[in-house]
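Chains as they are written, first to last, in the working numbering: chain A, 1 to 250; chain B, 1 to 250; chain C, 1 to 250; chain D, 1 to 250.
Careful: at least some of the hints might be erroneous.
[As the list claims (entries may be wrong)] Which residues of chain A face chain B? A partial, calculated answer using Cβ under 10 Å:
hint, residue
1, E47
2, K61
3, L95
4, P187
5, Y190
Derived from the structure by calculation, the hints contain no laboratory data.
Owing to the predicted nature of the structure, the values given are computational and were not obtained by experimental measurement.
Note that the Cβ used here is the ideal one computed from N, Cα and C, for glycine as well.
There are 4 protein chains.
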Amino acid sequence: MVCNVLIREKPVLSDPVLIEGLPGIGFVANISALHLIQELGARLFAEVRSSSFQDFAVTGKGGETRFPVNELYYHKGRGDSERDLVVLYGNTQALTTPGQYELCGRVLDVAEDLGCHYIVTLGGLRVDRKVDVPGLYCAASDVETLDELLGRGAKVIKGQIFGVAGLLVGLGRLRGMRGFCLLGETPGFYPDAKAARVVLDMVCEMLSLRVDMGRLDVAAEATRSVLESFGLGRAEVGETKRRESRHWLI
Amino acid sequence: MVCNVLIREKPVLSDPVLIEGLPGIGFVANISALHLIQELGARLFAEVRSSSFQDFAVTGKGGETRFPVNELYYHKGRGDSERDLVVLYGNTQALTTPGQYELCGRVLDVAEDLGCHYIVTLGGLRVDRKVDVPGLYCAASDVETLDELLGRGAKVIKGQIFGVAGLLVGLGRLRGMRGFCLLGETPGFYPDAKAARVVLDMVCEMLSLRVDMGRLDVAAEATRSVLESFGLGRAEVGETKRRESRHWLI
Amino acid sequence: MVCNVLIREKPVLSDPVLIEGLPGIGFVANISALHLIQELGARLFAEVRSSSFQDFAVTGKGGETRFPVNELYYHKGRGDSERDLVVLYGNTQALTTPGQYELCGRVLDVAEDLGCHYIVTLGGLRVDRKVDVPGLYCAASDVETLDELLGRGAKVIKGQIFGVAGLLVGLGRLRGMRGFCLLGETPGFYPDAKAARVVLDMVCEMLSLRVDMGRLDVAAEATRSVLESFGLGRAEVGETKRRESRHWLI
Amino acid sequence: MVCNVLIREKPVLSDPVLIEGLPGIGFVANISALHLIQELGARLFAEVRSSSFQDFAVTGKGGETRFPVNELYYHKGRGDSERDLVVLYGNTQALTTPGQYELCGRVLDVAEDLGCHYIVTLGGLRVDRKVDVPGLYCAASDVETLDELLGRGAKVIKGQIFGVAGLLVGLGRLRGMRGFCLLGETPGFYPDAKAARVVLDMVCEMLSLRVDMGRLDVAAEATRSVLESFGLGRAEVGETKRRESRHWLI
Numbered sequence: 001m002v003c004n005v006l007i008r009e010k011p012v013l014s015d016p017v018l019i020e021g022l023p024g025i026g027f028v029a030n031i032s033a034l035h036l037i038q039e040l041g042a043r044l045f046a047e048v049r050s051s052s053f054q055d056f057a058v059t060g061k062g063g064e065t066r067f068p069v070n071e072l073y074y075h076k077g078r079g080d081s082e083r084d085l086v087v088l089y090g091n092t093q094a095l096t097t098p099g100q101y102e103l104c105g106r107v108l109d110v111a112e113d114l115g116c117h118y119i120v121t122l123g124g125l126r127v128d129r130k131v132d133v134p135g136l137y138c139a140a141s142d143v144e145t146l147d148e149l150l151g152r153g154a155k156v157i158k159g160q161i162f163g164v165a166g167l168l169v170g171l172g173r174l175r176g177m178r179g180f181c182l183l184g185e186t187p188g189f190y191p192d193a194k195a196a197r198v199v200l201d202m203v204c205e206m207l208s209l210r211v212d213m214g215r216l217d218v219a220a221e222a223t224r225s226v227l228e229s230f231g232l233g234r235a236e237v238g239e240t241k242r243r244e245s246r247h248w249l250i
Numbered sequence: 001m002v003c004n005v006l007i008r009e010k011p012v013l014s015d016p017v018l019i020e021g022l023p024g025i026g027f028v029a030n031i032s033a034l035h036l037i038q039e040l041g042a043r044l045f046a047e048v049r050s051s052s053f054q055d056f057a058v059t060g061k062g063g064e065t066r067f068p069v070n071e072l073y074y075h076k077g078r079g080d081s082e083r084d085l086v087v088l089y090g091n092t093q094a095l096t097t098p099g100q101y102e103l104c105g106r107v108l109d110v111a112e113d114l115g116c117h118y119i120v121t122l123g124g125l126r127v128d129r130k131v132d133v134p135g136l137y138c139a140a141s142d143v144e145t146l147d148e149l150l151g152r153g154a155k156v157i158k159g160q161i162f163g164v165a166g167l168l169v170g171l172g173r174l175r176g177m178r179g180f181c182l183l184g185e186t187p188g189f190y191p192d193a194k195a196a197r198v199v200l201d202m203v204c205e206m207l208s209l210r211v212d213m214g215r216l217d218v219a220a221e222a223t224r225s226v227l228e229s230f231g232l233g234r235a236e237v238g239e240t241k242r243r244e245s246r247h248w249l250i
Numbered sequence: 001m002v003c004n005v006l007i008r009e010k011p012v013l014s015d016p017v018l019i020e021g022l023p024g025i026g027f028v029a030n031i032s033a034l035h036l037i038q039e040l041g042a043r044l045f046a047e048v049r050s051s052s053f054q055d056f057a058v059t060g061k062g063g064e065t066r067f068p069v070n071e072l073y074y075h076k077g078r079g080d081s082e083r084d085l086v087v088l089y090g091n092t093q094a095l096t097t098p099g100q101y102e103l104c105g106r107v108l109d110v111a112e113d114l115g116c117h118y119i120v121t122l123g124g125l126r127v128d129r130k131v132d133v134p135g136l137y138c139a140a141s142d143v144e145t146l147d148e149l150l151g152r153g154a155k156v157i158k159g160q161i162f163g164v165a166g167l168l169v170g171l172g173r174l175r176g177m178r179g180f181c182l183l184g185e186t187p188g189f190y191p192d193a194k195a196a197r198v199v200l201d202m203v204c205e206m207l208s209l210r211v212d213m214g215r216l217d218v219a220a221e222a223t224r225s226v227l228e229s230f231g232l233g234r235a236e237v238g239e240t241k242r243r244e245s246r247h248w249l250i
Numbered sequence: 001m002v003c004n005v006l007i008r009e010k011p012v013l014s015d016p017v018l019i020e021g022l023p024g025i026g027f028v029a030n031i032s033a034l035h036l037i038q039e040l041g042a043r044l045f046a047e048v049r050s051s052s053f054q055d056f057a058v059t060g061k062g063g064e065t066r067f068p069v070n071e072l073y074y075h076k077g078r079g080d081s082e083r084d085l086v087v088l089y090g091n092t093q094a095l096t097t098p099g100q101y102e103l104c105g106r107v108l109d110v111a112e113d114l115g116c117h118y119i120v121t122l123g124g125l126r127v128d129r130k131v132d133v134p135g136l137y138c139a140a141s142d143v144e145t146l147d148e149l150l151g152r153g154a155k156v157i158k159g160q161i162f163g164v165a166g167l168l169v170g171l172g173r174l175r176g177m178r179g180f181c182l183l184g185e186t187p188g189f190y191p192d193a194k195a196a197r198v199v200l201d202m203v204c205e206m207l208s209l210r211v212d213m214g215r216l217d218v219a220a221e222a223t224r225s226v227l228e229s230f231g232l233g234r235a236e237v238g239e240t241k242r243r244e245s246r247h248w249l250i
């Protein structure tokens, strides 16, 4: 086993959008994806395991075992305007650069096979200060999308987009997929519902999704709980940052 | 060669249980597995080599050479109640995360081929204090097994199960295998016969195995000797812990 | 995906020379290659992606996304004396040693397929002092080439040639390709147009290329800009050095 | 390319002995192998390249390029008593544990194909003191060989045999090959001709080889020169030790 996708059900979708929501800075993407899944009643249809995930199990409060995994959910758009979605959710990214490439490749294989031509990746942009109203930053594969995002109040990301959020857009472009990346400002040290809110609001606007944001705190709390079962507290999130630094080698 | 299994004999077993006993914290699993093998007269039937094991040889007291290896033993249950067993024993785990995944995958291939549907993994739970009566902690793949373990006095593991002990249960579940993990409290700095005793007592209860515990110290002493030939003293066991920390990256 | 080459156009070339120009010390090769591409109007014909490149995206000033990539350009020699060229340009080398070997192997596959028998690699030779007139250092696959380089004023490299610059020549020789490596002295902490100038002058002499050097500063400035979008300032170039040190293991 | 063997000539040998002589502690094996090759006039017949070797080139004094490589030489035994030999020589071992396993696997493939059933590996045993008369330490695959070595004055190695010297014997045993390992005491900080002498004397005794030791210093000096061209001085040999320590993980 290197990176395997176990397809439980093959949904029939119409031009779906792939939304990425794996753990990262401030767990912004993770909270957003979980909230989308819960509010839209998205259905689990595939499970991804990789030998570049951690080699441990975690136990839940009831003694049940959980494992490092990525999952794919689908949602069929309601009414005329809402887009079909494929949501990538999980409790980890791959631990190595080749593992990240392979993970993204497999996810894109599935998405492509379902007719996906558009990718949205989410994340947090770490700022070293208290954030009252998180700013929203974007990058896009094309000028039209970028203009639309800027017109709705996002600013341009200056710098790098780490991990799966950057890689999916880059590798997707090789397959002719378009898309954008949205990052919300966050101190980054805890699952940040406030940053997730600004990111998710924009995603919903762009994709004409109707999602109630009232229970976003519940998703943040659930994310914190998964996080803790994975032994990840404040300090370990700092570790995440250190690992990323290793990538600055050129 | 990446990870190869050399099958010397293919035993015919009835619904065997796979018991994992590789080196880890306090060498609890290692002592337990060795003791089971010796007391039950379990037979070696397969040898596992991996390019993720160490690249060195060690020499025994007589000048003979030993190598990093995992071995599989079988035991045919005596009488009506005793289960058939496959015991995974060895002097190392794989040194890398992908190596651990591959090792577990190969071991599960063999176990599945022999008709195994149930996995028991063992280990130590490090505590930073002197342990008089080691507490016993558990996780399980299903509620019935968990209830049985709790009913017999084990407590729920809160946290993570590192290495092969966690991974085998997780990867086994993908193949429809059930099972449980047992960890005994241990300071973790030496082969801990006392922790192995509480773990092994519970394993024997759960699997209706009749095993004399009188010579458990002999297995602990043999484990210490292998350990020393591998250059592993007190300090290096601390290394093991450091390596595990590297996995906390998410 | 591990290391893939996407061929957009297959040029017909006559005994072309492969010129390597990936990022490295002082970005000497990178500036030189970019300048050659721009001045000669070389055409992009292939794109190389590797899972050993960084797993991130960077955003340009306009919000557009860029990714770690290597590119191959070709130039058909003008007149009778100018050689056909294949130029390897990019914003990164591979991050791991096996990744470097694989990248070079794929690039040599393409070059061989186009009829290439000659490789020129470029780079900087770090010196711990201010450089007024950068010295030029060389190594070659054969005595004739070496004598020609020495006759034109280059000195022999004493030491090691790191990364793709060394590896391409070494792996090319296994395929019967000849070639040389040129390093210009540089403090190495910034894109060094002065060092690129002495290197490129010699390349043009050796290959009878007519290239105006007037806009070399533009190529250096463009290199600095790519560099900054990759988050690489003065400190990170020091990182590059540290990584290289890791290779001194024997 | 991962690990490739380029066979230039396939010698016909009778039950040859494989002698390992790659760089390691005190360069004892490296000096010994080079001396054997030179004194016996052994012929180069195969070249091994691996993507786990270093990704750089080195330049010789004349500006010619050299690369990380392993080489295989053969010697046909003279007279009735002298054994046919296959000598593994090179300027590096693989940099990673999986690379070491693969390298040894490929070398054993070649040796097996030539009818080899016996492996001799050499090395230095680091001691933290001045060595007047280097002690000789051994390990063996079987009791008869061990007894013969002990009878000739070697002592039993207590501890570990790192790298290719240990791995070749271990992996060879899986193919039914027998053999022994000889380590000479050395401070380990420079190419140690004195340690190579005691090791090589014993090898010659065991294999009935007639080799003049008069020019052993020449081989040591040549080894030092290769070593320096690889940038390896006193400090870096210490690095080698540090790398080995990384392997002490479990």
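Right, here's what the structure says about each hint:
1. E47: holds, 8 Å
2. K61: holds, 8 Å
3. L95: holds, 6 Å
4. P187: violated, 17 Å
5. Y190: violated, 14 Å
Against the hints set out earlier in the document, violations occur for numbers 4 and 5.
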